[in-house]
Amino acid sequence: SSHEYKLNFKKSKEMCLSYIQDAMLQKQWKKAAEFLTFYMESLEKDFAREYLSPSEMIWRIGTEILCHHSHSSMKEFNSFTEQMKSLGVKRYLKVCLEHTFHLLCNGLLDEAYQNLSLSESWRSGDQTVIQDKEMKLIKAYRGLMDYYKWSKQKNILLEHGQDGFEDLSVEQEMHGCFRKAAVNLKEIIKIPGVWDLFVKCYVDLLEFYGDHNEARQVLNEYAYNSKFPTNPNAHVYLYQFLKRHGESKKSLVSALKILHDVVPSHELMIDFNIMLQKSKKRKRRRLGLEVIFAVLDYAGWKENVKAWSCLARQLKQIVISEKHLDWIKQEWNSRKDWWPAFHFSRYSAKRNWQENECLSYEKALVAGILLGKDCKYFKYVSHQGCKAQVKRFRILKKFVNKHNPVYLRISG
Amino acid sequence: RDFNERCAQCSEVNWGLTDGGRFYCRSCHNVTERTTEVVNTDFVCNSRIHTICKGLKNQEKTDGSCEWYVCEGFQLILKKQAEALEALGVCPQMKDEVLCNFWRRYLQKTKQAYWNTSAGENVKALPVCDSSTDVDSEPERPSPLQLLSLSESEGNLQTDSSFASSISKVSESTSVCSGSVDGSLYLMKNRKEKLRMTMPMTLSFCYMALLWLREPMTLSDLLRFVVEGHIPYLNVFQDFPEKMKLYGLDLKIFRVESWPVYEEVHNKMLELAAFLDLPRFPDITDSCFLHPDMLCMKYLMEANLPDELHNWTCRVVKKIRIGEVDFLTLVPGNKSTQNVKYDVLAAAVIVVVLKLLFLLDDHYEWLLSDFAEGRNKNNKEGGPYFDFEKWYKVIKCSLDMKQKKLDEERAKYLWRCEKVLFYSDKMKSKVLKRRQTVVNLQNQFGKLSGSVLPAEKPNPSSFQLSWSEENTDGSCFHGHSLKGVLQEKRGLLTAKNPDYWLCTVKLCNEKTCGHRAHYREVDFPQSYHFVIRLFSFLLRIQPSYIHDEVCVIEHKLFNKKLCKKPKYNTGLGK
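So the sequence lines, in the order shown, correspond to chains L and W. Using our numbering, you'd call the opening residue of the first sequence number 9 and step up by one each time. Using our numbering, you'd call the opening residue of the second sequence number 684 and step up by one each time.
So that you can see chain L by itself, here it is in the shape it has in the complex (with noise of 0.2 Å):
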């Protein structure tokens, strides 16, 4: 430290920041009360001008305190944000937001509601104007909420038709619910953006009455909007959307041929690959065998048995047919340098075949058929296997030395 003896109003309330600063960070809460309450009176001075104003400060610090203070309560917190909120008309809806993010993380949700309903009837001037990004973000987190009544009382009729009940009362709720809902949901999903939540929740809505197009428009929107981020969810909704309703295989391929180029390790993939194997359309069979093989290039498919089996079943399928084995060598190209160590070493084989013994027979006749008879995974999980007398190696024995000239085909 530098050890000044000087000292101004501006100095030492920054030096009693750094204070509190240090003693969150070691999550001496007592003591960061303790500096800030010697940092209160700089509100009596606010810097504008600056950057990162005491108000906002004292915000952000006192709710770290409060949230993570033993003897602080909730009641506390709110009587802290009150003040907030009318310490600085630039932060009025900001701090409102938050202070629902805080009430609906304690479970606190008709207070949260209550507290989103009252920012949303806030007006102050060309401020109103200035925080429009928050207000829309209100409401949208309103038209939420709104959404999760209508479920509970959905459920709760549901369960009233059950036992035979009318509940006249609560269905009109509901509908108000949904309309409420649904106005605000709608307005948000149209700003570029990722509202993956408030998507589902406004797609349920539609569904339940029965406003397919609409559903699909917006999914449709969310997913292939190029102003909208990419995201892959927004590739997943409108698949399972589309699956549930019982749409065209080639819309639906088309939805995850998406999200095959996106996040190839999607564990939708599986589901791709299977279906895509089944298709009579001979490019499509070539995707699936594409897709199954990006799928186990990451090292989380790794000991998936099902992914596995079903690259095997697929090469199985080409080997027997002798047709497009070029598709193999293709794909195989790219991994063939690095797959046998990733995948096929003899460590592997041995842990595959202690731990796993399905895992290792799928690999294993994935290997025989890449990497040929003489690999060392299919020799020893083989070799295993049959030392065993378990019945279905034995047969793979024959079938990966019957075709093993296939292999010399695929590496030549």
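Hints are not guaranteed to be accurate.
Which residues of chain L face chain W? A few of them, derived with a C-beta cut under 10 Å, are [to be verified]:
no., residue
1, Lys-18
2, Ser-20
3, Leu-25
4, Ser-26
5, Leu-33
6, Trp-37
7, Phe-46
8, Ser-50
9, Ile-66
10, His-79
What the hints contain is simulated information worked out from the structure, not anything from laboratory work. For each residue, glycine too, the CB sits at the ideal point set by N, CA and C.
Here the structure of chain L is known, so what remains is to put chain W in place on it, guided by the hints.
Relative to the frame of chain L, chain W by itself:
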């Protein structure tokens, strides 16, 4: 009030004061030509000393406020400060005579009071009664609006535009801009004059009075007491009477938002002394507290150094003749007299002595320590030899602790008080509301602070560090002997250390570069830094000030050698 003559007309002794400051007989209303020169240090609304435009009345306004002048405010402050000093043990003369007279003289010199009524030069009085055309005659006069915007963006609770509009409505009368009558005028008119009264200048006045009386309080002591809250300075306006309303531009004058700076207070004091045409101050002789011999003794004790070092400090003082009366005594206006900072001087002398005896090159002093330690272990007779290393450890520990505490206090320093100030009536409610919010938040988080007691104001003490020889842990070094670092040569005790290194080969010209020398941590040995740091802490001033003084002393000490050849070697006639 002390006027005891009989009235010419009715022979009664029953005098009162007119608005014009003249005595009049209450019995027969005969007005005399005698004006009073007595300044009642109590603020009394109805007695006006200086002549002002007839337009102004001195009655209380309907809202309970009254008219007051900026200098009256300062007068009150000085009075409070003097009382506080008295409570600290300063003699009462300070308040009743010395400071009072200095202040009166200041008022006279700045023509704020004590006008002869006939002089009539006081046209520069307030535009309240004059038309605003008078204002135009002054060149380059910034408007109140400009003045306000030049300050830091205080109280940004209202947007600038609305604030501006509230001020622009009062173009004629400036009294709305400040609670005091002449607040805006004060700031505007005197901008070019150097000796406009300011808050730091009140401390210059105090120090000047202390120096005149040769009180045992250095400037660093005074400023430390101010920071610790023993002398009114921060928020002293709280003590103004209710009817003296403070707002608007008064804030710029009376509200303090920084600690007083040693250099600034000291320099202003010198300017002030010259401005007031004061004669030579009372002599600082070797029996005065401020004399280097005395102060060195005090600082040696406080720094826990052996008493024997005092011989050496006295020798240095004598050799370079800084103990002489003519050197130490202030002669105002004489630029050639050293601008002597007694505390810094004494501290620097000690540093030089330590360098003489211990070299402080991060090497030799530790060798000496080893020697002392060895000797102390084996031979307990005759008391311990002073062991630099041991001293270093003890002091470092205390110093670090105190420094840490001080740093925390700085971070916790509170600048605002209960009495809230604001720029205008429009801001009033917002400022009050803000204050209420602050208090609420302080309470809320105060409760979460755990059982932390509010920091107690330390008792005012001249000594910040104290060491007692009764401590059995041997942490007091006062009685230790310097035998380990001295040797006898030709009947004289000299230092074993044959070398000396100068802090700087050449002193800078203060006028061109502001300092006599430049202190950078990378350039000097750690032991030197440590010693500088110690005194820097005790005096609460920047290390560079002490370093500067050390350089000056060294150059005086080794003057002959320096003039002769560039080599530096032992100095004192050892």
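Tested hints:
1. Lys-18: 8 Å, holds
2. Ser-20: 5 Å, holds
3. Leu-25: Interface hint status for Leu-25/L: holds (8 Å vs cutoff 10 Å).
4. Ser-26: 8 Å, holds
5. Leu-33: 16 Å, violated
6. Trp-37: The hint holds - Trp-37/L has a Cβ within 10 Å of chain W, the shortest such distance being about 7 Å.
7. Phe-46: 4 Å, holds
8. Ser-50: 9 Å, holds
9. Ile-66: 7 Å, holds
10. His-79: 6 Å, holds
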